[in-house]
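Enquirer: These protein sequence lines are chains H and D, in that order. The letter at position 38 of the first sequence is residue 37 when you use numbering that gives the first Met the number 0, and the numbering goes up by one with no holes. The letter at position 255 of the second sequence is residue 254 when you use numbering that gives the first Met the number 0, and the numbering goes up by one with no holes.
Since the hints were made in silico from the structure, they are not lab data. Some hints here could point you the wrong way.
Said to hold, decoys possible - Keeping only pairs whose Cα atoms sit at most 25 Å apart, straight-line, the calculated BS3-like set for lysine-lysine is:
1) H:K121 to H:K63
2) D:K512 to H:K96
3) D:K512 to H:K172
4) H:K259 to H:K63
5) H:K259 to D:K202
6) D:K435 to H:K158
7) D:K202 to H:K96
8) D:K512 to H:K158
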Amino acid sequence: MSAPTRREFLARSAALGAAALLPRFALGQAAAPQAATAPATTLPPDMTIARWGGTEVPTDLPVKLVREALGALGGMGRFVQKQAVVWVKPNIGWNRKPEFAANTDPQVVGEIVRLCFEAGAKTVKVGDFTCNEARACYENSGIAPAARAAGAQIVYLDKSRFRDMTIGGRRLKEHPVYPEIVECDLVVNVPVCKHHGSTQVTLAMKNYMGVVENRGFFHQDLPTTIADITRFMKPRLSILDAVRVLTARGPTGGRLEDVKTFNTVAASVDIVALDAFGSELLGHDPAKIGTVAMGAEYELGRMDYRALQLKELQVA
Amino acid sequence: MSRFRVRTPTVRLRRTVQLLVLALFLAVVLAARPQPGQRLPVWLESFFHLDPLIPVVTGLAAHAVQWAFLLSVVTVVVTVLLGRVFCGWFCPLGTVHTLVGRLFERWRPARQREHWHRGQLAKYYVLAALLVLALFGVQWLVLLDPLVILYRTLTVALWPAAQGGVESTATAIYQADPGVGTWRVTSVTEPVYRTVRDLLFVKQQQSFPNSGFVLGFFLFITGLNFVQRRFWCRYICPLGALLGLLAWRPWLVRKLDTGACNQCDLCGLTCHGAASTGPGTGWKPQECLGCLNCTSACAAGGLKFRWELPWRHGLAPERVNLSRRGMLEAAAGGVVAAMVLRASPQARGATFHPLLLRPPGAADEADFLARCTACGLCMKVCPTGGLHPTLFEAGLDGLFTPRLVPRIGYCDYECNACGQVCPTAAIRPLPLAEKKAVRLGLAAFDVGRCLPYAYGRNCMVCEEHCPVPDKAIYFAPVTVTGRDGVPTELLRPHVDPAHCTGCGICENVCPFKDQPAIRVTSANESRHAANQPILGSGSGYPF
Ligand code: SF4
Ligand code: SF4
Ligand code: SF4
Numbered sequence: 000m001s002a003p004t005r006r007e008f009l010a011r012s013a014a015l016g017a018a019a020l021l022p023r024f025a026l027g028q029a030a031a032p033q034a035a036t037a038p039a040t041t042l043p044p045d046m047t048i049a050r051w052g053g054t055e056v057p058t059d060l061p062v063k064l065v066r067e068a069l070g071a072l073g074g075m076g077r078f079v080q081k082q083a084v085v086w087v088k089p090n091i092g093w094n095r096k097p098e099f100a101a102n103t104d105p106q107v108v109g110e111i112v113r114l115c116f117e118a119g120a121k122t123v124k125v126g127d128f129t130c131n132e133a134r135a136c137y138e139n140s141g142i143a144p145a146a147r148a149a150g151a152q153i154v155y156l157d158k159s160r161f162r163d164m165t166i167g168g169r170r171l172k173e174h175p176v177y178p179e180i181v182e183c184d185l186v187v188n189v190p191v192c193k194h195h196g197s198t199q200v201t202l203a204m205k206n207y208m209g210v211v212e213n214r215g216f217f218h219q220d221l222p223t224t225i226a227d228i229t230r231f232m233k234p235r236l237s238i239l240d241a242v243r244v245l246t247a248r249g250p251t252g253g254r255l256e257d258v259k260t261f262n263t264v265a266a267s268v269d270i271v272a273l274d275a276f277g278s279e280l281l282g283h284d285p286a287k288i289g290t291v292a293m294g295a296e297y298e299l300g301r302m303d304y305r306a307l308q309l310k311e312l313q314v315a
Numbered sequence: 000m001s002r003f004r005v006r007t008p009t010v011r012l013r014r015t016v017q018l019l020v021l022a023l024f025l026a027v028v029l030a031a032r033p034q035p036g037q038r039l040p041v042w043l044e045s046f047f048h049l050d051p052l053i054p055v056v057t058g059l060a061a062h063a064v065q066w067a068f069l070l071s072v073v074t075v076v077v078t079v080l081l082g083r084v085f086c087g088w089f090c091p092l093g094t095v096h097t098l099v100g101r102l103f104e105r106w107r108p109a110r111q112r113e114h115w116h117r118g119q120l121a122k123y124y125v126l127a128a129l130l131v132l133a134l135f136g137v138q139w140l141v142l143l144d145p146l147v148i149l150y151r152t153l154t155v156a157l158w159p160a161a162q163g164g165v166e167s168t169a170t171a172i173y174q175a176d177p178g179v180g181t182w183r184v185t186s187v188t189e190p191v192y193r194t195v196r197d198l199l200f201v202k203q204q205q206s207f208p209n210s211g212f213v214l215g216f217f218l219f220i221t222g223l224n225f226v227q228r229r230f231w232c233r234y235i236c237p238l239g240a241l242l243g244l245l246a247w248r249p250w251l252v253r254k255l256d257t258g259a260c261n262q263c264d265l266c267g268l269t270c271h272g273a274a275s276t277g278p279g280t281g282w283k284p285q286e287c288l289g290c291l292n293c294t295s296a297c298a299a300g301g302l303k304f305r306w307e308l309p310w311r312h313g314l315a316p317e318r319v320n321l322s323r324r325g326m327l328e329a330a331a332g333g334v335v336a337a338m339v340l341r342a343s344p345q346a347r348g349a350t351f352h353p354l355l356l357r358p359p360g361a362a363d364e365a366d367f368l369a370r371c372t373a374c375g376l377c378m379k380v381c382p383t384g385g386l387h388p389t390l391f392e393a394g395l396d397g398l399f400t401p402r403l404v405p406r407i408g409y410c411d412y413e414c415n416a417c418g419q420v421c422p423t424a425a426i427r428p429l430p431l432a433e434k435k436a437v438r439l440g441l442a443a444f445d446v447g448r449c450l451p452y453a454y455g456r457n458c459m460v461c462e463e464h465c466p467v468p469d470k471a472i473y474f475a476p477v478t479v480t481g482r483d484g485v486p487t488e489l490l491r492p493h494v495d496p497a498h499c500t501g502c503g504i505c506e507n508v509c510p511f512k513d514q515p516a517i518r519v520t521s522a523n524e525s526r527h528a529a530n531q532p533i534l535g536s537g538s539g540y541p542f
């Protein structure tokens, strides 16, 4: 696969019709100076997909997949500045054990934390506004122990600390958001790929529901409100955990029969593309998924992820 | 003019022990919080297990022996040997009474008679009535057992109030973010707040309905110290009475050297239990709390505690004399109370209160009431803060016993904490797999409010949160035509009674915050076959 030339690069932004937004949405801010100084041929891809191609699955497979996917995307250093404060935002919504795939895989989270530190981050915070009781979710999902072991700071979101912020969206004008997340230098969005009763899938865009209070409001128009909050959050790096995938009875699950092993981790600077890929994994046409369609309409990224600079890896 | 105070090493030691035990009690209360994925330690219940009144009364009422209460044998043996030192040195509520009594001293006349009063017999009659009540299957320790009262008050009233204070102060500082130059006050308050929150709070913004009544009762009985100090211990406490009976002939007795006594009555003035009949004279071991104020206060050095074999000492004339008539009256009172307390239709099994969602593993109502002392331990450890003290939903008999209030908190699918800690097994300790199969009630949609039914909008929050793997809520697609004549596709949710456990999370998350459009009632609860309508079995629904 050939890396884009500068011309192609610009052409693509024109195609997106959002040249001004491009550094933010298509490449990530850290990428811009790199692209300016480095030869064009080293321009890293926009999206990587790491799949397990081996036979016997190693126990630390999620770790391997994350390393490969991130490495191919240009490394964590592309996003994390030295001394940065990073918020890793997994899905820790439910009081379920890891094998039920209702939450992000703890190994995936742990490895991302380690990569952030390796890239020079000063502080890595891990937290989510959970659906079930936070302490139970954090511990039983395995995420808090894994993140703690990797040196992250575990943050419980405090109800009274949410602050009304101007979202300026179609539906969300003002909404309570957790300030500590917004104030970080970088938010790494780490959703788990799974089925969802109302949105059919829950992926990276929907994962941002974990930074807001009063989610009941969202449920009255999920695609629009989710697109609103996604735009507000200015996504730069999203990593989709599709190692174990809950394929039915989501988002809570609870039956091992519904959990399939896809042994895949995908990373992208384009959140819509990543969600389109995740939708396909779950057997849906991305265009029919409300959040993905709305994300494309909002020009937060492109639905046709294959048209991006895409790198697919077989890990073995 | 402050009244005479005893300050000797012995009395200081006793006060220190009292304060330490009270602090320990508070620590054990605060330590009772769910630890994800871990069993709760049994010592969280230890104070209750030291209390011999609970196994006697609940045992009689429920016809069951509970081995955990073997620990109370320690209390019994100590009491037989040393007298009511449990009351004087150990009982945390007794210590609270001591402290409150001390506080009131300032406003009381300087000298007050602290001698034995016939009214002190009342507690023995309370005990008798309680036991008769228990024989009738009615257990009413809720307002009578000191440890239960204190535990519940701390759990549902005092501690939540303290937590609220900490939270609102920290939030106020956080929002104002005051500081000097670049230095912020929050750089100190936030870490402190977070530590306290993570180590001591069960749930953010935890609070309990009816806590005002719980607190009111506590303030009332502690306020009685204004009338006389340790009023509760002297006149009411049935545990004190039970221990008093055990202290009929203790091995450690108070001895007066009549030659030395000059009738100054310093001993009487300082007596916690009102155990002597007059200046320097007779002493009733059943009433003595072993506080050692008298021997320490005696300037003449005429009072001493000495070991003496019970069959050697001649305490008989000083014994508390319970009249046969009084006993009969107490028993009659117990019978009447049993009738009145059990007069509630729920207790008779004639009806089921829709809001009475008992914790998972709760015995059937009659047995539950025979065991549950309303101590509040289950309410303390419920991680969602879903268990709350009833007022009259369970009848007077069930005052302050726990019920799940889904609007406030739900029963977590992965939790069985309440059964782990219940000291009397009113909530049985169920393995998680078994607990998951227990039905607390049944959810039902209020189709006059539910968004897809009443307002033509999809919603689905309830379905999303339903923790049952097979999902007790499912959707049926419909097309409805609105006011504007435009047809809309909608998904309307239904409850499948074959899967619903009544955990209440659907009610908890419903966007209607005032009156949820899906509500759980006690129908279909596993505890009562009589409270189960004939429901579908998962196929062939009319929808
Ligand atoms: S008799 Fe003496 S030891 Fe007993 S309660 Fe009274 S003051 Fe205390
Ligand atoms: S059910 Fe709750 S309140 Fe009742 S005795 Fe058990 S722990 Fe105490
Ligand atoms: S009611 Fe449910 S959530 Fe609460 S302590 Fe009991 S088992 Fe746990």
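Enquirer: Taking only the CA atoms, is the gap from K121 (chain H) to K63 (chain H) under or equal to 25 Å?
Expert: holds, 24 Å
Enquirer: Would you mind confirming whether the straight-line C-alpha gap from K259 (chain H) to K63 (chain H) stays at or under 25 Å?
Expert: Within the cut-off at roughly 19 Å; holds.
Enquirer: For the pair we were handed, K512 (chain D) and K158 (chain H), check the Cα-Cα distance against 25 Å.
Expert: This hinted pair holds, its Cα atoms lying about 17 Å apart.
Enquirer: Check the hint pairing K202 (chain D) with K96 (chain H) against an upper bound of 25 Å on the C-alpha distance.
Expert: Roughly 21 Å separates the two Cα atoms, so the pair holds.
Enquirer: CA of K512 (chain D) to CA of K96 (chain H), is that 25 Å or under?
Expert: violated, 30 Å
Enquirer: Do the alpha carbons of K512 (chain D) and K172 (chain H) lie within 25 Å of each other, as the hint requires?
Expert: holds, 21 Å
Enquirer: Taking only the CA atoms, is the gap from K259 (chain H) to K202 (chain D) under or equal to 25 Å?
Expert: Violated - the C-alpha atoms of K202 (chain D) and K259 (chain H) are around 34 Å apart, more than 25 Å.
Enquirer: Are the Cα atoms of K435 (chain D) and K158 (chain H) separated by 25 Å or less?
Expert: violated, 29 Å
Violation of the numbered hints given earlier is confined to hints 2, 5 and 6; the remaining hints are satisfied by the structure.
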